[in-house]
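The chain contents come next:
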Amino acid sequence: MRLNRKQKIVRNLLVAALCLILAWVWAGCPPLTRGMMLRQAARENLVPVWEQVCDEPWPDRGRVVYLRCGGDYWQLWYKGMEVVRTDLRGTGGIMVAPSRETAGDLLAATNLDAASAEITWNIRWQEETWTVAGEPLGDALFRFPAPEGLTAKDGTRLRDSVWPERIFDYTLRLYGNTGELLEEVSG
Amino acid sequence: MKDQWMDPAWRGWCGTAVEQVRFRPDHAAIARELAAHLEDHRADLERLGYDRSLATERTLRAMGDPVAVGRALDRAHKPALGWLWKASRWLVMLVLAVGLLTGCSAVWNRQLPDVAAWLDPELVHSWEAYQPQSFQRLTCPPPFRTGAYTIEVEQVVYYREEELRRGNLSIDLRSRTLKFWLEGPALGENLEAVDSNGVRYTWYQYPYVGGSGPNDGHFQNAMWISVSGTEGTPAWIDISHRTAGWTIRVELPQGEEGTP
Chain A
5 MRLNRKQKIV RNLLVAALCL ILAWVWAGCP PLTRGMMLRQ AARENLVPVW EQVCDEPWPD
65 RGRVVYLRCG GDYWQLWYKG MEVVRTDLRG TGGIMVAPSR ETAGDLLAAT NLDAASAEIT
125 WNIRWQEETW TVAGEPLGDA LFRFPAPEGL TAKDGTRLRD SVWPERIFDY TLRLYGNTGE
185 LLEEVSG
Chain B
4 MKDQWMDPAW RGWCGTAVEQ VRFRPDHAAI ARELAAHLED HRADLERLGY DRSLATERTL
64 RAMGDPVAVG RALDRAHKPA LGWLWKASRW LVMLVLAVGL LTGCSAVWNR QLPDVAAWLD
124 PELVHSWEAY QPQSFQRLTC PPPFRTGAYT IEVEQVVYYR EEELRRGNLS IDLRSRTLKF
184 WLEGPALGEN LEAVDSNGVR YTWYQYPYVG GSGPNDGHFQ NAMWISVSGT EGTPAWIDIS
244 HRTAGWTIRV ELPQGEEGTP
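As given, the protein sequences belong to chains A and B, one line each in that order. So for the first sequence, the working numbering puts the first residue at 5; every next one is plus one. So for the second sequence, the working numbering puts the first residue at 4; every next one is plus one.
Chain A with its partners taken away, still in its complex shape (with noise of 0.2 angstroms):
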């Protein structure tokens, strides 16, 4: 069969599309674009939607994004269009997390209507305890930064060491416009 030009650029886009195709498949499917890469976490990990909470570079490691469907809190750790790592952080509404883009820092997430928040917090090898506004990043989201006397096991700056996980036990009061105390979480 005599294929006329039309035809044939029509052939030629569908085998181009196919050899792609195939060869995206072979590659195992990578996301192309980041849009793309959390809606397949999404779905992996069984969650319908996600909607972010903030995204933030960790410093020679890649990006972290936090996530949230529901009540329920996730931290992604992709590099380019890979997923590294997915982990739940919080449950019940509220998630305390340490902040990847300042070593020191914590972020904490709600899904209530929180005008201002504050945390007491301590690393569990120090004595002291401290008490941190929140500085708020806008839906109902706030970044605790580490207090100065706040040092790692070795004793350097705690803002200059890498953040190890699960070390803190933290007291989060959120507050509503008027300054009422709407929740209070411990962990």
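Among the hints, a few may not be true.
[Stated by the list, open to error] Result set (DSS-like, lysine-lysine): computed pairs, CA atoms no more than 27 angstroms apart in a straight line:
(1) 81/B to 10/A
(2) 81/B to 12/A
(3) 182/B to 83/A
Derived by calculation from the structure, the hints in this document are not laboratory data.
With chain A held as given, fit chain B onto it using these hints.
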């Protein structure tokens, strides 16, 4: 136009006709086609007894105005369509070349995807090598849907560690999805369990419940769930996925049957 091959008698007429076509890459093919047409016409006239010069003159006259013919040809050889066709050819050649190089490199480095495992992965645990009396196969809960996946429980095995006086549960599952670009569903830290005695199992504290994370299969994935440290003789264990919300119940053996 390189027309050295063409009869000099046609050059002027063909040249004028072809110049009207804006898509230059087609010029040579059009000139060849026109020249062939002129040659055929002249040959027909010569068979009828015309001498060569008269046949040539009549042929050119019969073909008409070369500018009008050229404009008609230009309408049939639109530049946009022509360049799109060219681009599509280059695209196919590029894709095939890259595909061939990548394919050869993958074959050379033995990095071919395990398509068989994508379509029909083996179960994680095989109990064939164990003594039949050292474990007990239990009834599998029915398949269920969660998100993009259908999950089938393929094998439930209960075994006891008598010296530690505790029981363990090993569950093999298979997830299926038509969304082939997805890997298997994440279980890991999302599982929790509770037995009929009210004992809670978590991934971080004994007694444990745990499961495999996603592996890199497509279409189907083999996964496992393990519950370790059941004490006493609970009648059942409910294993739940904290965020997806599903629960599967495994009925445990009771009494004498409970100690295989």
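Each hint, compared with the structure:
no. : hint          : result
1   : 81/B to 10/A  : holds (11 angstroms)
2   : 81/B to 12/A  : holds (14 angstroms)
3   : 182/B to 83/A : holds (23 angstroms)
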